[in-house]
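*Asks:* Full structure from sequences and hints, please.
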Amino acid sequence: MALSRAIETRKPAAERICCDPLAERFLGAKYRMLLWGRPFRDVVEGQIERRFAGHHYYVIARTRYFDDLLQQRLAGGAKQLVILGAGYDSRPYRFADRLGGVQVFEVDHPATSTAKQAKIRALIGEIPANVAYVAVDFTVDTLADKLLARGYRATRPTVFLWEGVTPYLDLAAVDRVLSFVMDSAAGSAIVFDYILRSVVDGTCTLRGAANEFAKMGRTSEPLSFGIDEGQAPAFLASRGFQNVVDVGAQELSDRYFDPHGKHRYIKPWWRIISGEVGSALGVVEP
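Using the working numbering, the first residue of the sequence shown is number 55, and each one after it goes up by one.
For the record, the hints were derived by calculation from the structure and aren't laboratory data.
Yeah, the Cβ is synthetic: ideal placement off N, Cα and C, and Gly gets one too.
Just so you know, not all the hints are guaranteed correct.
[Claimed, not checked] Listed below are the simulated DSS-like cross-link pairs for lysine-lysine, each with C-alpha atoms no more than 25 Å apart in a straight line:
#, residue 1, residue 2
1, K200, K170
2, K316, K65
3, K65, K84
[Unchecked claim] Across the chosen pairs, the derived CB separations fall in these ranges:
#, residue 1, residue 2, range
4, S278, S233, 13 to 23 Å
5, A169, D282, 29 to 39 Å
6, R105, T259, 12 to 22 Å
7, V97, E180, 32 to 42 Å
8, Q285, R204, 31 to 41 Å
9, V97, Q125, 42 to 52 Å
10, F192, R261, 27 to 37 Å
11, G130, G271, 18 to 28 Å
12, T196, G294, 15 to 25 Å
*Replies:* Take a look at the structure:
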């Protein structure tokens, strides 16, 4: 993911879809070598596309979509940001100028959280005072308990970013997170991506879907959770969310790729959905 963001960031400002200057600094030496020169980066981009059809262009469009939504929610008064499965997400640092007065929580597995903190200290020095790392092992820990212990306040409007995580969970785990979000203040919102259930049950015929499912099945993180095509808005609405927005490859391409980039294939079996906590469901802190 960081490699795709780094390749895109190296492009001229007028051409690139997303910009993450920290992405390449998260990479090891072997991957940083892949960034040498535009012709070489173009070859690497093509190799990623051949190995995982539609992945590279989905990652950069998804990054931009999440960036845009975060900035919209901050402009709308969000007072907390919770990044679930934070990994090497750099938004707390890329958007530091817009996060003044906003408490940020980076949630991830203890091992990943420890490694991330060490990397951030090496890159920028001290971790900003408004950023809290929340180490959660979901096999033994409860998200609410861990967040509350680090200063999370359920009465503050919060934006939850959940990027590239749900396909590797089961329905019960997804529902636990959504239930927690629904207990947040009015005006809180979540955005996450998901895959079509047909990928998991083996009936998806979209280009690259079977290949990705097979390759991930040989790793420690197989694809296991999906939502039936066209049913994601109802999935969120049935759990109490309002103003649900569901977008996929076509919408992302129309929004971010100019006519010269329409040939770039965004994998259509991954989609992005967002929803809000309604005014009757949460209490807002004065």
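*Asks:* Hint by hint, say whether it matches the structure.
*Replies:* Taking the hints in turn, this is what the structure says about them:
1. K200 - K170: With a Cα-Cα distance of about 18 Å, the restraint between K200 and K170 holds, given a limit of 25 Å.
2. K316 - K65: 17 Å, holds
3. K65 - K84: Given pair K65, K84 holds - Cα atoms ~20 Å apart, limit 25 Å.
4. S278 - S233: 13 to 23 Å: 19 Å, holds
5. A169 - D282: 29 to 39 Å: 36 Å, holds
6. R105 - T259: 12 to 22 Å: Since the Cβ atoms of R105 and T259 sit about 19 Å apart, the hinted range of 12 to 22 Å holds.
7. V97 - E180: 32 to 42 Å: 38 Å, holds
8. Q285 - R204: 31 to 41 Å: Cβ of Q285 to Cβ of R204: about 35 Å, so the range 31 to 41 Å holds.
9. V97 - Q125: 42 to 52 Å: At roughly 33 Å between Cβ atoms, Q125 and V97 fall outside 42 to 52 Å, so the hint is violated.
10. F192 - R261: 27 to 37 Å: Given range 27 to 37 Å: holds, Cβ gap about 33 Å.
11. G130 - G271: 18 to 28 Å: 40 Å, violated
12. T196 - G294: 15 to 25 Å: Holds: the Cβ-Cβ distance is about 20 Å, inside 15 to 25 Å.
Hint compliance for this structure: hints 9, 11 are broken, all remaining hints hold.
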